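Q: Letter by letter, the chains look like this.
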Amino acid sequence: MRFLRLTLMYLVLALLLAIPACRSKREGDYSDFYQSESAVPTNDLFVLRYRQKWHPQAQFAGVYMAMDKDFYRQYGIDLRIQPHTADSLVFSTLYNKNTDIAQMDILSGIMENKNGLKVVNIGQISQKSSQLLIGKRSRGINSIEDFNGKKIGLWRTASHYVSRIFLAKENLDMEIVPVNWSINLFTSNAIEVINVMRFNEYNQMLQAGLKEEDLFIADLSELGCNIPDDGFFVTKEFYDQHSDICKRFVSATMDGWHYAFAHPEEALDLVMTLMRKESIPASRSHQKWMFNEMRKLILLPDRIPGKLNKQDYLRAVSLLQEFYLPVKAYSFEEFCPGD
Amino acid sequence: MIKSSREDKTLAYQLITYVFVLTLVAFIVVTTLTQILFSGRISKSQLENMKHLAHERIYLIDGILSHVENSLEMMCFSLSALDLDNEELEGLISVAIKKDKHIHSIALAESHADHLSARVFFKEEDGLRVNVIRDANYFYEDWFQIPLMLNKPYWTEPWVDSSGSGELIISYSAPYQTEGVRGIVSIDVNLKELQRLIIDSECLQGGNSFLVSANGTIVAHNDMSLIMNQSLFSLADEYNEPKLRELGHKMISGETGFFRIRGSNIVNSRHIYYQALETNGWSVGISMKNDVLYKDMRIVLLTNTFSAILLFLIVALIIYSRAHALTKPLRELSEAALRIGGGEFDTRIPDSVAGLEVATLSQSFRFMQESLLDYIQSLDITTYEKEKMRGDVIYAGEIQSKLIPDNTDHPIGIKELRAYGILEPAGDVGGDLYDYFMIDEDRFCFVIADVVGTGIGAAMTMTMASTLLPSLAPFYTKSNELLRELNSFLCKTDIEANFITALLGIIDLKTGILQYTNAGHMPLYIRKLDGVLEKYSETHSTALGIFEDLNIGSEEIRLNVGDEIIIFTDGVTEAMSKEDEFFGLGGLEEVLSALLYSNPENTARAIVSRVHDFAVDSKYKDDITVLVIDYKHPRA
Numbered sequence: 001m002r003f004l005r006l007t008l009m010y011l012v013l014a015l016l017l018a019i020p021a022c023r024s025k026r027e028g029d030y031s032d033f034y035q036s037e038s039a040v041p042t043n044d045l046f047v048l049r050y051r052q053k054w055h056p057q058a059q060f061a062g063v064y065m066a067m068d069k070d071f072y073r074q075y076g077i078d079l080r081i082q083p084h085t086a087d088s089l090v091f092s093t094l095y096n097k098n099t100d101i102a103q104m105d106i107l108s109g110i111m112e113n114k115n116g117l118k119v120v121n122i123g124q125i126s127q128k129s130s131q132l133l134i135g136k137r138s139r140g141i142n143s144i145e146d147f148n149g150k151k152i153g154l155w156r157t158a159s160h161y162v163s164r165i166f167l168a169k170e171n172l173d174m175e176i177v178p179v180n181w182s183i184n185l186f187t188s189n190a191i192e193v194i195n196v197m198r199f200n201e202y203n204q205m206l207q208a209g210l211k212e213e214d215l216f217i218a219d220l221s222e223l224g225c226n227i228p229d230d231g232f233f234v235t236k237e238f239y240d241q242h243s244d245i246c247k248r249f250v251s252a253t254m255d256g257w258h259y260a261f262a263h264p265e266e267a268l269d270l271v272m273t274l275m276r277k278e279s280i281p282a283s284r285s286h287q288k289w290m291f292n293e294m295r296k297l298i299l300l301p302d303r304i305p306g307k308l309n310k311q312d313y314l315r316a317v318s319l320l321q322e323f324y325l326p327v328k329a330y331s332f333e334e335f336c337p338g339d
Numbered sequence: 001m002i003k004s005s006r007e008d009k010t011l012a013y014q015l016i017t018y019v020f021v022l023t024l025v026a027f028i029v030v031t032t033l034t035q036i037l038f039s040g041r042i043s044k045s046q047l048e049n050m051k052h053l054a055h056e057r058i059y060l061i062d063g064i065l066s067h068v069e070n071s072l073e074m075m076c077f078s079l080s081a082l083d084l085d086n087e088e089l090e091g092l093i094s095v096a097i098k099k100d101k102h103i104h105s106i107a108l109a110e111s112h113a114d115h116l117s118a119r120v121f122f123k124e125e126d127g128l129r130v131n132v133i134r135d136a137n138y139f140y141e142d143w144f145q146i147p148l149m150l151n152k153p154y155w156t157e158p159w160v161d162s163s164g165s166g167e168l169i170i171s172y173s174a175p176y177q178t179e180g181v182r183g184i185v186s187i188d189v190n191l192k193e194l195q196r197l198i199i200d201s202e203c204l205q206g207g208n209s210f211l212v213s214a215n216g217t218i219v220a221h222n223d224m225s226l227i228m229n230q231s232l233f234s235l236a237d238e239y240n241e242p243k244l245r246e247l248g249h250k251m252i253s254g255e256t257g258f259f260r261i262r263g264s265n266i267v268n269s270r271h272i273y274y275q276a277l278e279t280n281g282w283s284v285g286i287s288m289k290n291d292v293l294y295k296d297m298r299i300v301l302l303t304n305t306f307s308a309i310l311l312f313l314i315v316a317l318i319i320y321s322r323a324h325a326l327t328k329p330l331r332e333l334s335e336a337a338l339r340i341g342g343g344e345f346d347t348r349i350p351d352s353v354a355g356l357e358v359a360t361l362s363q364s365f366r367f368m369q370e371s372l373l374d375y376i377q378s379l380d381i382t383t384y385e386k387e388k389m390r391g392d393v394i395y396a397g398e399i400q401s402k403l404i405p406d407n408t409d410h411p412i413g414i415k416e417l418r419a420y421g422i423l424e425p426a427g428d429v430g431g432d433l434y435d436y437f438m439i440d441e442d443r444f445c446f447v448i449a450d451v452v453g454t455g456i457g458a459a460m461t462m463t464m465a466s467t468l469l470p471s472l473a474p475f476y477t478k479s480n481e482l483l484r485e486l487n488s489f490l491c492k493t494d495i496e497a498n499f500i501t502a503l504l505g506i507i508d509l510k511t512g513i514l515q516y517t518n519a520g521h522m523p524l525y526i527r528k529l530d531g532v533l534e535k536y537s538e539t540h541s542t543a544l545g546i547f548e549d550l551n552i553g554s555e556e557i558r559l560n561v562g563d564e565i566i567i568f569t570d571g572v573t574e575a576m577s578k579e580d581e582f583f584g585l586g587g588l589e590e591v592l593s594a595l596l597y598s599n600p601e602n603t604a605r606a607i608v609s610r611v612h613d614f615a616v617d618s619k620y621k622d623d624i625t626v627l628v629i630d631y632k633h634p635r636a
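First to last, the protein sequences are chains F and A. Residue numbers for the first sequence follow this note's numbering, so the first one is 1 and each next one is one higher. Residue numbers for the second sequence follow this note's numbering, so the first one is 1 and each next one is one higher.
Treat the hints with caution; some may be incorrect.
Capping the alpha-carbon separation at 20 angstroms, the derived lysine to aspartate or glutamate pairs in EDC-like fashion look like this [said to hold, decoys possible]:
| no. | chain 1 | residue 1 | chain 2 | residue 2 |
| --- | --- | --- | --- | --- |
| 1 | F | 277 | A | 332 |
| 2 | F | 277 | A | 161 |
| 3 | F | 211 | A | 255 |
| 4 | F | 69 | F | 44 |
| 5 | F | 288 | F | 302 |
| 6 | A | 243 | F | 212 |
| 7 | A | 250 | F | 44 |
| 8 | A | 250 | F | 112 |
| 9 | A | 289 | A | 332 |
| 10 | A | 101 | A | 135 |
| 11 | F | 277 | A | 100 |
| 12 | A | 621 | A | 424 |
| 13 | A | 243 | F | 214 |
| 14 | A | 9 | A | 255 |
Some chain F residues near chain A, calculated using beta-carbon distances under 7 angstroms [claimed, not checked]:
| no. | residue |
| --- | --- |
| 15 | 55 |
| 16 | 182 |
| 17 | 185 |
| 18 | 321 |
| 19 | 329 |
Cβ-to-Cβ under 8 angstroms is the rule here; a few derived chain A residues that face chain F [claimed, not checked]:
| no. | residue |
| --- | --- |
| 20 | 37 |
| 21 | 140 |
| 22 | 216 |
| 23 | 224 |
| 24 | 230 |
| 25 | 237 |
| 26 | 252 |
For the record, the hints were derived by calculation from the structure and aren't laboratory data. Bear in mind the structure is a predicted one, so any value in this text is a computation, not a measurement. Using N, Cα and C, we set each Cβ at its ideal position, and we do this for glycine too.
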């Protein structure tokens, strides 16, 4: 009897302690998503700093969901999401140890290793290219050949590599205009063609009043340039020291994505809350589009979610070497040591 | 239920139902006509109002923006045409900023990569502040890159001035060319200035005004959550409302017009007037909910509805009270009729002043009441007379019953036979007769007769016959002779109800020989000691009293000890069941066969009892007479 009473007492005590913890999570306080690096780490958890590629949006829904559902903690990780920085500085933050994991596109990772194996891929979000080149039919763009002699807006930072490979591969002579992330140069007719991500800028165009039938779309994934976009990168040094943590981070993140795909509305609610908190213009319909496109990029029938495919890597290296820059090619096992 | 169904049939209920249906039909017709005839007109005036509201806002916003455009044009001219040094340039910008309160800042940026320089001039309380930007990021900002590439002025979408105030601004930028330097001059306007003009409105009760940018982004709206977050196209996606997308295309194309959206979301059931600004191509929209637009018409419809209900209630009330007043005398009349029906013939029929029809009805009732009273009076007299007559008849019946011999164990003191008779007249007096008497010392005479007909006449005939036969009998030795005499008598009296069927028998008590005559009567049965029935159905003449010269025969039967003679009238065989079946000779024979022992009383009662059971529910009644004589033994 005494044992039973004690057990019951502890159970009640545990419940009382658990209730405020649950409540605080439900009230939508997501301040711990972007903890400062000086935040006190939770005992026995590995403090891991992850730098996003861009501001909060559905592109990272899996990470947010994993945070919200405490998946990282369950994998022994106290994750700190760091705000995005300029593409050119991402890898520097890894080298100067301000960041442990960075999300970048594969080509940038390969390019980064041109002078020795400095960064390795520990996991892959996107399994195919989402890049499109879009031209206005009203400006005379009805085929890829029509690109010749026209102005094309390419992102001025890293993500333009696929488009450059494509232009070289197709032997297109275009005036390249470096652009920021705005589509207004295109909508104002200052340029005829622009590179966009299907999951983001393409829908932004449609939501800025452009009609699908008025656009000529070159889908690079179907035109011999299917190079996956974003993966997770760490320095080789960090990987050698913390390979298990790297695996656990990817597992928790993919668990987050799977949960998000099973509960899309909950995931969208979370994304919208985070965007509003950061005062970022956000429409649910656009985030929904992005989320659905992310599903198509992550869950491919012939790819393992969360892992870089060897053939995709080899194709990326080959295209880069042939059409853009003769980089040093490391083996898949060296570039992606987790497998 | 019964009560409600009675109420359903009342005059007031039927009239009110009729009026209700009529009012409803009239209301539907009037409402439909009102909607058809007036909706266009009411909408038109409201839509004109919306148009006016839009023009007002466009005028104010275009006023600000065109002023900015003029300032920029002047500045470009000054920069390109005049060779200004830095001090003069700042002076010019300072004047422009101070002169125009709507200008938030002015940027001057060079495009040459070797001369990375952008200066942003802000208005401050104590003068002018200048931010100098030396990184190349501004090269890729819309306000710089687009006008430079287009080589013409350009209005940007709203953007956050993160290097300055951190607020949402829009910029009007244009390229300039000085000696050796090409650059962009840009004037920034705080978006709040424009939002205030759109949102601040007291004339928009039930409506909204909003401003969309060149790519459809909502830049000003009462609902702050939409601003910069949604475009008309993203809303169209979110609410799956293609009409909203259509509106978006019209607005960003610089069109002007009215648009209607039906739906059940944030843009539900609205009329929208839209018109583009003349300066930057943005578009102002004024939206009104349909229920606001149709407010006046709704008031008309509400008034119609209220009037229809009121009219119906008033008419129903009038009908009810009038119908009640009209039917009151009818109800009183009905109550009076019920009382009269219940026997209160002196009930007063109420006088009616309600109307000619009801008054006529009252008069008819009164006439009927008087006629009824007369009838009752004459009925009383008739009843009295009838009762008196009945008393006579009953008395006559009693006398008649005295003529029938009493049932005793030894009739007329004779030991050789037993006799038991039952006569049940159908009425107070009967037309049947049975009798027995001694003609002389050894001869026992019995008779049963049935007068054709009923009532007093038959009773009288029977009485005559029953008194005549004993007085005639001593003068005749044969049964047929006796009946012949009776026939002669009956024919001579020549009264209407004097036809008689009769069966008369004379038993010689010494010899046991029965000599009998059946004059058109029912058969005679003899039940032997062993229960065997003998039936003697032969008649020896027709009924008596019809033909004067009637040839009447007779027959002789030797009686054995224990023989039981059973004679009866047609009241036994013609007794009718409720299924209209006769008791018949079969029924009688059945009774006789079932008897266990011979006993005149037992036999007579058994027959009559069975006949009663058989004809228990029959409407037809006839005199029932049974006479049973048991020959015990010959006289010694």
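Q: Of the numbered hints stated earlier in the document, which are not met by this structure?
A: 1, 5, 7, 8, 9, 10, 11, 14, 15, 18, 19, 20 and 23
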